[in-house]
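Undergrad: Residues per chain are reported as follows:
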Amino acid sequence: MMKALALISTLAAVIVAATRIQPTCAAQSRQPTASASVGRAPQQRAKPLTGRVVNEGGQPLPEATVIAVPAGTWSSQGQASYLSYPSSLTDDQGRFSLDGITGGLYEVTALVPGYYAEREAAGQRRLFRPGESVLIRMIRGGVIAGVVTTSSGEAIVGIHVRAIRLRTLEGKPALSTTLLTTSYLRTDDRGAYRIYGLEPGVYVVSAGGKAVLPISVTGYEGDSPTYYPSGTRDTATPLTLHAGQELMGIDIRYRENRGYVISGKVTGVTGGILGGGLVVLSQAPGGSVETISFLVPTEGAGEGQFAFSAVSDGEYDVSAMSVENSGTTSAAAPKRVKVKGADVTGVDLALTPLGSISGRVVLEPAPPADPKGGCKAGASESIEDIVILAQPEDRTKRKLAGAKSIMSLSPFSLHIDAVPDSNGSFTVRALHGGRYQLETRLPSENWWVASISRPPANASQRRPDVARSGISLKSGEKLEGLNLAIAQGAAGLRGKVVSSQENVALPGKLRLHLAPAEPERVDDPLRYAESLVEADGSFAISNLAPGRYKVFARIVSDDEANDEDELRAAAWDATTRALLRIEGEASDVVVELKRCERVTDYVYRYRAPAAKR
Amino acid sequence: MRIALGAAVVITVLCGGPAHGRAQAQSPAKETTAAISGRVTVSGKPAVGIVVIAAREQRDAEVLQAFLGGRPLFEKATTDEAGRFRISNLAAGSYSVQPLAPALIASGESAAKQGLTVVVADGETATGINFALIRGGVITGRVTHADGRAAVQEHVSVSPVNTTQGTWRGEYSLIPNDFQTDDRGVYRVYGLPAGRYIVSVGGSDRLAQITTVGKRPARPMTYHPGTTDRSRATVVDVALGGEKINVDIRLGQATRTYKATGRVVDAETGKPIASLLTGHTRAMRERSDPTGEPSDSISMEPSTGADAGVGSMTNANGEFHLDGLTPGRHMAFAVQGLGGDSELYGDPVQFEIKYEDVGGLEIKMHRGSSVSGVVTVEGTSDPNVLAKLSQIQLFAGAERENAAIPNFSSAKVAPNGEFVLRGLRPGKVRISLFEFLTQQDFSLIRVEHDGVDAGRAITIAAGEHVTGLRVVVGYPSGIIRGHVKLEGDLPKGAHIIVIARRTEAGDADDDDDDYSGFLGGARSTVADSSGGFTLDKLMPGEYRVTATVFQKARTDTPLAMARENVTVAGTGESAITIVLDVRPKSNDR
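Going down the list, the protein sequences come from chains F and W.
Quick note: the first sequence uses the numbering used here, first residue 1, plus one each step.
Quick note: the second sequence uses the numbering used here, first residue 1, plus one each step.
Hints listed in this document are in silico derivations from the structure and should not be mistaken for laboratory results.
Capping the alpha-carbon separation at 25 Å, the derived lysine to any residue pairs in SDA-like fashion look like this: (1) W:K45 <-> F:E256; (2) F:K47 <-> W:N317; (3) W:K244 <-> F:E154; (4) W:K259 <-> F:E107; (5) W:K364 <-> W:E319; (6) F:K47 <-> W:A274; (7) W:K45 <-> F:T149; (8) W:K259 <-> F:S97.
Just some of the chain W residues that point at chain F, by a computed CB distance under 10 Å: (9) G49; (10) L73; (11) K76; (12) T140; (13) Q180; (14) D183; (15) V186; (16) G214; (17) T257; (18) N315; (19) H321; (20) D323.
Okay, the calculated bits of chain W under chain F, using three or more residues with CB under 8 Å as the criterion: (21) 188-196; (22) 215-225.
Beta carbons: idealized from backbone N, C-alpha and C, even for Gly.
All chains, full assembly: derive it from the sequences and hints.
TA: What follows is the structure, encoded as structure tokens:
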């Protein structure tokens with residue numbers, strides 16, 4: 001048994017290493033090409049990516065592991081383990097230098113035991129290119145500590161203890177999980193445990209049950225976990241942990257209850273086992289990942305069975321995903337399972353391949369230089385620095401997907417996005433069926449997205465404009481031939497929003513909108529733009545098509561403010577666009593932006609809307 | 001290298017492995033009417049709330065499947081207020097019974113470190129399975145960096161100079177004695193027999209690093225209170241059940257490490273090769289296998305710095321980099337074929353780190369040799385068995401002498417039995433069945449080359465394509481039906497345990513006693529009251545069948561033993577009779 005256990009554990013450990021980034025297989029890495037790229041000298045020697053890792057007080061953190069993951073790795077099938085990404089340890093001054101990496105964008109993250117990486121502001125990404133300097137702030141995590149005892153007060157030694165983050169302090173669903181990082185924590189000979197490095201949030205704490213990837217036999221792996229203070233998940237007392245807080249005395253009186261088993265099979269498995277087939281058990285509702293299981297092949301071709309043992313009473317979502325060597329990701333729609341005093345069998349999931357959207361970014365020729373300036377070619381204007389995201393119309397889909405659950409196991413904020421190669425070719429992978437809008441992050445203020453079109457149904461037709469309609473992707477469809485046209489000579493608008501009435505302050509949260517003033521443009525979502533107004537009234541909008549715009553500002557509702565995904569451009573939704581268009585038409589403020597014009601001192605006078613009748 | 005190699009192998013499974021399937025022949029539901037009961041005491045007083053497990057003898061594959069399928073690996077019970085336990089609902093069979101109490105230790109030398117082996121028959125309760133334990137000692141302290149910062153998630157090892165009282169119990173763990181510092185740098189090692197210990201932090205146990213977040217700098221082993229010289233370590237004296245506090249360790253500077261960069265090219269065309277996994281290892285140095293077996297000693301051998309590691313994946317220009325290198329001689333290597341079916345293998349490149357970074361390494365990839373042939377099943381022509389041939393995945397790995405550099409290949413077997421293993425490095429190659437997680441039941445009997453038994457290692461030359469290999473596998477469908485003929489009367493409460501073990505050379509697992517608990521490859525059963533027994537699902541081959549009589553469900557003192565040999569064919573039954581003398585033994589014998 002020990003040999004088998006050793007095997008399991010070795011395997012488990014390797015999977016840990018792998019899933020800390022992502023559970024994909026090594027097939028092909030992103031192919032940064034050596035050929036000439038736009039705006040960059042070919043064969044340019046890559047500069048190192050340098051930077052510092054500091055704590056919340058700005059003090060250097062030595063011996064931090066810094067890892068650079070190529071942007072778009074998830075969608076382009078990166079390496080199997082984070083060990084094979086460029087990584088480095090910081091020196092005494094917290095400095096690091098990652099060399100040996102070629103062009104392109106990288107997501108740079110640090111790992112320091114006991115710390116977590118500062119959450120970036122909504123919409124901001126940790127993407128950097130070689131030659132740039134990165135400052136990574138790590139925050140010392142909070143602590144939850146206590147003792148696990150039997151009902152008669154005897155210390156329980158060597159039992160696994162876990163803290164599951166249910167949501168953030170703001171009540172948003174927790175994106176990251178402590179599932180793997182706290183996987184090995186066990187009580188000592190006094191029954192004492194100490195879970196550290198925790199992000200602020202609302203937690204439940206449990207003892208017992210099986211570690212996701214066990215290293216040791218504890219004797220409690222078949223039990224359903226006992227949640228603090230001494231009950232099932234339903235009766236668990238949630239703990240609010242503030243930044244840097246130490247919650248002591250979280251003592252768990254252990255109740256030895258045999259857990260229930262949720263089992264079933266997964267069909268449509270085309271990848272290998274394990275990495276190719278992972279089943280995720282998450283709490284429903286809430287979505288926090290409880291545990292993962294591997295598929296054990298069964299006799300039927302393309303089938304695997306799974307079982308979660310030690311499950312407490314409660315409601316769960318079971319989802320599955322699989323990744324093939326070919327790069328195809330399959331996912332199964334989650335099944336809702338209710339456990340109440342008995343095993344649940346026959347939870348059958350069907351994997352279906354996820355779709356992809358691919359195409360080319362085409363850079364239109366630069367306009368003649370403008371004497372007013374602002375359109376000089378930047379040093380690093382490469383189409384390889386563009387980031388393309390496919391935003392689903394129904395954003396809840398993304399959260400429910402098995403793929404998302406798996407990704408949330410990673411300490412990295414992996415996004416399903418794509419980075420074009422030097423020819424401009426890109427593929428966004430692992431997409432469920434549905435309607436998508438392509439969003440772009442442009443590296444140059446000179447650029448604006450002119451059009452997004454897809455191939456016509458028959459050759460004689462015009463290329464349909466999908467910027468307006470969105471891209472409809474059938475389940476499993478591999479849509480090709482998209483054309484994303486980038487024009488040069490973009491305009492920009494920066495400035496301040498001030499109150500038009502004296503002694504009347506600006507509302508708490510405002511968003512400044514631009515809507516096209518030209519009638520023929522009013523239905524083109526690419527011509528709508530917006531910016532949140534900062535506390536000091538400042539705003540900035542870049543990458544604008546030259547033209548005339550109506551300017552207006554709206555109060556951001558609490559609902560919108562709580563929306564986790566700030567990236568979404570409101571104008572994409574046809575209803576919202578119509579609304580914005582009407583508001584735009586009502587506005588008498590018009591700004592005309594010429595090619596390459598960068599207005600930096602614009603003042604918008606905000607007038608509060610008339611009180612409701 | 002273990003990990004890198006392990007990673008590669010595992011990834012082969014993860015990604016290259018087809019979704020094998022096999023009819024998991026569900027054995028008919030067994031009666032579960034047996035039970036095991038006993039008592040656990042600590043220094044003579046009842047040990048309350050202690051989990052006692054009974055683990056059945058299982059094949060590794062079964063353990064894996066149980067594990068992956070979420071089924072418990074054992075039955076268990078918890079001791080009550082009087083320290084009593086009763087593990088019930090057991091099927092008849094042989095179990096290893098052990099309290100899982102990491103803070104407690106066995107009070108004497110005699111106690112089995114893996115627990116007691118207990119055999120139970122249907123409807124029977126084995127009683128009196130008692131464990132007399134004592135509380136182990138504790139060493140606790142704090143580990144800090146030179147600047148006073150807490151050293152978080154550092155592995156602390158305690159190694160006995162000598163122990164005077166108690167026996168380390170061992171535990172079921174891949175990383176036995178994995179004690180880590182917390183966010184304050186505090187550690188607490190418990191369950192220690194009385195004795196004198198050396199406490200240290202660091203070294204390069206790569207398995208232990210699995211449980212930590214991120215990389216660690218190379219640092220020499222540092223001993224309490226803060227020396228890298230073992231002979232100057234302060235020895236910690238732990239009394240029986242005693243606790244030593246403030247056993248602090250102050251770490252020194254991390255060893256300066258260096259980088260090496262280079263590229264991987266096709267040896268023929270000179271073109272760069274992307275997407276290869278690279279790594280480094282100390283030039284030709286044997287490393288011991290971390291087997292995960294519970295160990296008697298608590299020591300982990302001190303070791304210097306990082307001996308091996310994984311580098312970056314090669315980019316489109318074939319470039320890679322290795323870091324964390326300590327001064328000395330190293331080898332850089334590249335492996336392709338994480339998918340398992342590559343034609344390339346790489347020459348390792350030796351280089352030396354002399355207190356500076358090294359650049360310009362070039363690893364050349366060659367078209368590897370191949371071996372091909374056919375897989376045949378011996379001893380059966382059952383079409384149901386032959387139909388499962390394509391479930392086999394063959395695996396070829398470098399033999400021991402060039403094993404330092406990973407090279408392996410795996411291949412699926414076609415329904416007609418044909419296979420090709422590509423991308424092999426010249427030298428000795430060992431062929432095996434890839435059994436891990438594949439749920440196939442075949443096992444390798446021998447490999448023939450041109451009709452001659454080639455052993456398992458085949459020597460191949462550079463560029464050679466060895467054909468005509470015959471990989472002979474067996475399918476476990478043999479049956480031994482036997483009878484134990486007793487001379488004399490079976491003592492009351494005694495059992496006859498029958499164990500069949502294959503005797504073929506190369507298959508001898510280890511020198512376990514015939515009646516030991518975990519039977520590495522052997523099969524066992526309990527004979528019925530008339531001495532009859534059946535063992536099924538056996539591989540064809542020569543078996544040594546041992547019948548042993550045990551008193552009172554305990555297997556530590558056999559009353560009588562006898563053995564016979566029998567040949568098991570692929571199909572059909574083999575009969576055997578074993579004569580067992582159970583007459584009371586006189587003193588003159």
